[in-house]
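Participant: What follows is the residue order along each chain.
2 protein chains.
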Amino acid sequence: MTVTVKALFFDVFGTLVDFRTSIAREAKAILEPQGFALDWLAFADAWRGQYQGSLEEVRSGRIGFCKLDVLHRRSLDRLLPRFGAEKLGEADRVDLNLAWHRLDAWPDVAPGMKRLKTRYWLAPLSNGNISLQVDLARRNGFPWDAILGAEIAGDYKPKPRVYLAAAEAFDLAPADCMLVAAHTSDLKAAAALGLRTAHVARPNEHGPGKGETAPGLPVDFAAASLEDLAAQLGT
Amino acid sequence: MTVTVKALFFDVFGTLVDFRTSIAREAKAILEPQGFALDWLAFADAWRGQYQGSLEEVRSGRIGFCKLDVLHRRSLDRLLPRFGAEKLGEADRVDLNLAWHRLDAWPDVAPGMKRLKTRYWLAPLSNGNISLQVDLARRNGFPWDAILGAEIAGDYKPKPRVYLAAAEAFDLAPADCMLVAAHTSDLKAAAALGLRTAHVARPNEHGPGKGETAPGLPVDFAAASLEDLAAQLGT
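Heads up: the protein sequence lines correspond to chains A and B, in order.
The first sequence runs contiguously to residue 234 in numbering that gives the first Met the number 0.
The second sequence runs contiguously to residue 234 in numbering that gives the first Met the number 0.
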């Protein structure tokens, strides 16, 4: 099928980067030398497990908008005692919190984006803050045209404002934008606002075989990777 | 001298791009085929001449924040009758207004930025809106890490919020950021907030010999070009 959009917006955590094994690796690198022995993947899962609840604090208005880095830190402080690591010092907590700035991309992302960049404006439409996105982009070679998402909208997905603020920043109608994501819930929110949708399968996002292999709603494109999406879009 | 900053913020109009001859060229390309014969450079000067007054409408709070594209359009509509071009149609006005998205960079900018990118985070700290910056970046090869400036701050330079919002977006103290600009007034506002400063001479910004050849206040660096600045910073 043909769609003519000008901009591609990307979900980042899970869709572009493998946060689970990256967080496990970073946690181990910081904690193990200090004698902590955690189940590193379980720790990564538990940290991410706090994610939606922490976003909901902002989305509901119970707390004002703050960067995702701040929410990650609050979750970390809550989590460390549960893993017997309550004695971790402040400097290490700061460093560990920045593990979310050191996530590795799935291998198809950089080559796929390079092709997509030739025809489309590219921006993250993520709940991650601007500085986090810059670190991820520099680490993984994401060629963003601009950093959009939660921080410029002052709210968190799937609140409509976040998607609409991204389109407005690019002077585009929602129908001229496509969200690329590995999560049906994100695509559903975007589609309801008139954005086009592309699903990318990330079957191992939450561990082997634990991720969406196909979209749970009708989408404009369903792709196995960003390179597959680039090919389907003729780039 | 040595300064250790993490981010370089750039003024854009005049500092990176030659708006005067670019706007004259674009105006001529659109208006001349329709029989209009203006003094193209005078038209460019007059349009830019409306700039500070239009920003002041927002800075003073008389009108709410809107993108620079909107302010440029209001100035254009006010200006056309003065140049005998009040009959210009809507589609051409839209196109002409986008001339500000089609400005050419001074020749030292792309090579200088490429060197600076190896060590510093780079972002525009401009009054131009995000979509305008993306167009200029794609046209001229500006390798931005993020688009900062007026649109993310919701106000216009030299209001303090614009400089501080840029530093905050990068999680940096003002002292870890340096503003690169061809205008003493801009550098003065940044320095007052604790940012470091670099002046770039643009002696022909407003016509031959009509531009700042040296800073009108003490700065951390005074450069003849972005390549000169890159060399002074050891990149």
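Hints were generated in silico from the structure; no laboratory data involved.
Built from N, CA and C at the ideal position, the CB exists for glycine as well.
Please note that a few of the clues may not be correct.
[What the hints assert, rightly or not] Only pairs whose alpha carbons sit at most 30 Å apart, straight line, appear in this in silico DSS-like list of lysine-lysine: (1) A:LYS5 / B:LYS66; (2) A:LYS66 / B:LYS5; (3) B:LYS27 / A:LYS158; (4) A:LYS116 / B:LYS86; (5) A:LYS27 / B:LYS86; (6) A:LYS116 / A:LYS27; (7) A:LYS66 / B:LYS27; (8) A:LYS113 / B:LYS5; (9) A:LYS113 / B:LYS27; (10) A:LYS116 / A:LYS5; (11) B:LYS66 / B:LYS86; (12) A:LYS116 / B:LYS116; (13) A:LYS5 / B:LYS187; (14) B:LYS86 / B:LYS113; (15) B:LYS158 / A:LYS66; (16) B:LYS113 / A:LYS116; (17) B:LYS86 / B:LYS116; (18) A:LYS5 / B:LYS113; (19) A:LYS5 / B:LYS209; (20) B:LYS86 / A:LYS66; (21) B:LYS116 / A:LYS113; (22) A:LYS116 / B:LYS66; (23) B:LYS27 / B:LYS209.
[To be verified] Simulated restraints on C-beta separations: (24) A:ASP76 / B:ALA174: 41 to 49 Å; (25) B:GLY60 / A:ARG137: 36 to 44 Å; (26) B:GLN33 / A:THR117: 32 to 40 Å; (27) B:ALA41 / A:PRO159: 53 to 61 Å; (28) B:ARG118 / A:ASP91: 22 to 30 Å; (29) A:ASP91 / B:ASP44: 39 to 47 Å; (30) A:ALA174 / B:ALA213: 44 to 52 Å.
Participant: Does each hint hold? Answer for all of them.
Facilitator: The hints, checked one at a time:
1. A:LYS5 / B:LYS66: holds, 20 Å
2. A:LYS66 / B:LYS5: holds, 20 Å
3. B:LYS27 / A:LYS158: violated, 45 Å
4. A:LYS116 / B:LYS86: violated, 39 Å
5. A:LYS27 / B:LYS86: Violated: LYS27 of chain A and LYS86 of chain B sit about 69 Å apart, past 30 Å.
6. A:LYS116 / A:LYS27: Given pair LYS116 of chain A, LYS27 of chain A is violated - Cα atoms ~35 Å apart, limit 30 Å.
7. A:LYS66 / B:LYS27: Violated, because 46 Å separates the two Cα atoms, which is more than 30 Å.
8. A:LYS113 / B:LYS5: It holds: about 26 Å lies between the C-alpha atoms, which stays within 30 Å.
9. A:LYS113 / B:LYS27: violated, 36 Å
10. A:LYS116 / A:LYS5: holds, 11 Å
11. B:LYS66 / B:LYS86: holds, 25 Å
12. A:LYS116 / B:LYS116: This hinted pair holds, its Cα atoms lying about 19 Å apart.
13. A:LYS5 / B:LYS187: With Cα atoms ~39 Å apart, LYS5 of chain A and LYS187 of chain B exceed 30 Å; violated.
14. B:LYS86 / B:LYS113: violated, 44 Å
15. B:LYS158 / A:LYS66: The hint holds at about 23 Å.
16. B:LYS113 / A:LYS116: The given pair, whose Cα atoms are some 19 Å apart, holds under the 30 Å limit.
17. B:LYS86 / B:LYS116: violated, 46 Å
18. A:LYS5 / B:LYS113: Answer holds: LYS5 of chain A to LYS113 of chain B is near 26 Å, not above 30 Å.
19. A:LYS5 / B:LYS209: violated, 39 Å
20. B:LYS86 / A:LYS66: violated, 49 Å
21. B:LYS116 / A:LYS113: holds, 19 Å
22. A:LYS116 / B:LYS66: OK: LYS116 of chain A and LYS66 of chain B at ~25 Å, within 30 Å.
23. B:LYS27 / B:LYS209: Within the cut-off at roughly 22 Å; holds.
24. A:ASP76 / B:ALA174: 41 to 49 Å: Given range 41 to 49 Å: violated, Cβ gap about 28 Å.
25. B:GLY60 / A:ARG137: 36 to 44 Å: holds, 38 Å
26. B:GLN33 / A:THR117: 32 to 40 Å: holds, 34 Å
27. B:ALA41 / A:PRO159: 53 to 61 Å: For PRO159 of chain A against ALA41 of chain B, whose Cβ atoms are near 46 Å apart, the range 53 to 61 Å is violated.
28. B:ARG118 / A:ASP91: 22 to 30 Å: Holds, since ARG118 of chain B and ASP91 of chain A (Cβ atoms, about 27 Å apart) stay within the stated range.
29. A:ASP91 / B:ASP44: 39 to 47 Å: violated, 58 Å
30. A:ALA174 / B:ALA213: 44 to 52 Å: Because 50 Å falls inside the window, the suggested range holds.
Violated hints, listed in ascending order, are 3, 4, 5, 6, 7, 9, 13, 14, 17, 19, 20, 24, 27, 29; each of the other numbered hints is respected by the structure.
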